[in-house]
Amino acid sequence: DAGVTQSPTHLIKTRGQQVTLRCSPKSGHDTVSWYQQALGQGPQFIFQYYEEEERQRGNFPDRFSGHQFPNYSSELNVNALLLGDSALYLCASSSTPNYGYTFGSGTRLTVV
Amino acid sequence: RKEVEQDPGPFNVPEGATVAFNCTYSNSASQSFFWYRQDCRKEPKLLMSVYSSGNEDGRFTAQLNRASQYISLLIRDSKLSDSATYLCVVNGDNFNKFYFGSGTKLNVKP
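Chains as they are written, first to last, in this note's numbering: chain A, 1 to 112; chain B, 1 to 110.
The hints are simulated quantities; they were obtained by calculation from the structure and are not laboratory data. Positions of the beta carbon are idealized from the N, C-alpha and C atoms, including for glycine. Check before you lean on any hint, since a few could be wrong.
Have a look at the derived ranges for each label pair, beta carbon to beta carbon [to be verified]: (1) A:Val112 - B:Thr18: 43 to 53 Å; (2) B:Asp57 - A:Phe60: 26 to 36 Å; (3) A:Leu39 - B:Asn107: 13 to 23 Å; (4) A:Asp30 - B:Arg41: 21 to 31 Å; (5) B:Pro8 - A:Asn77: 24 to 34 Å; (6) B:Ser81 - A:Arg22: 23 to 33 Å; (7) A:Ala80 - B:Ala67: 25 to 35 Å; (8) A:Phe60 - B:Arg1: 18 to 28 Å.
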């Protein structure tokens with residue numbers, strides 16, 4: 001049973017560029033959340049998708065957007081990249097949000 | 001005030017020791033609580049949920065104190081493999097948003 005899969009694993013982008021990160025949830029999970037984890041910090045909630053809609057959003061600017069597809073997979077898009085966007089981006093899935101999430105191994109984004 | 005606060009540590013303990021971490025949360029309406037473990041440069045992994053009555057899983061015991069708004073994690077008979085960062089997670093105003101603490105680093109020494 002595959003867990004949460006994310007791609008790519010590593011990415012280097014230049015300031016001002018746009019990036020798309022992808023996530024496939026664990027089999028049987030329908031809810032996907034995205035988190036940003038800076039070095040030495042805990043993960044920060046970006047947003048959550050359920051039934052192809054953004055259900056909840058954290059304190060992130062509109063440069064961060066997402067999408068969920070009918071097969072429950074999800075994308076995170078970040079426009080106009082800043083140096084401060086360099087972080088580990090984690091996707092987490094669940095079938096029942098309050099029972100804990102399963103995390104993917106993350107995409108490490110470096111903005112130069 | 002942060003939604004969730006943890007002592008960053010590090011906690012340096014010898015093998016076999018008992019160690020405890022606390023985590024405070026600010027939203028008295030929070031209903032869901034978890035402890036996650038994160039190894040260096042890896043993703044967080046669910047360690048255990050925290051129930052109102054407290055719960056135990058082998059050497060790990062989690063407790064919730066609603067009156068003082070904190071949760072705790074107790075690790076007995078520490079193993080070298082317990083060395084990791086332990087993240088406290090609490091839900092926000094609804095079950096769709098969870099807040100992570102910055103983590104407490106544990107180093108178990110031989």
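For each hint, the structure was consulted:
no.: 1; hint: A:Val112 - B:Thr18: 43 to 53 Å; result: holds (45 Å)
no.: 2; hint: B:Asp57 - A:Phe60: 26 to 36 Å; result: holds (34 Å)
no.: 3; hint: A:Leu39 - B:Asn107: 13 to 23 Å; result: holds (18 Å)
no.: 4; hint: A:Asp30 - B:Arg41: 21 to 31 Å; result: holds (29 Å)
no.: 5; hint: B:Pro8 - A:Asn77: 24 to 34 Å; result: holds (32 Å)
no.: 6; hint: B:Ser81 - A:Arg22: 23 to 33 Å; result: holds (32 Å)
no.: 7; hint: A:Ala80 - B:Ala67: 25 to 35 Å; result: violated (46 Å)
no.: 8; hint: A:Phe60 - B:Arg1: 18 to 28 Å; result: holds (20 Å)
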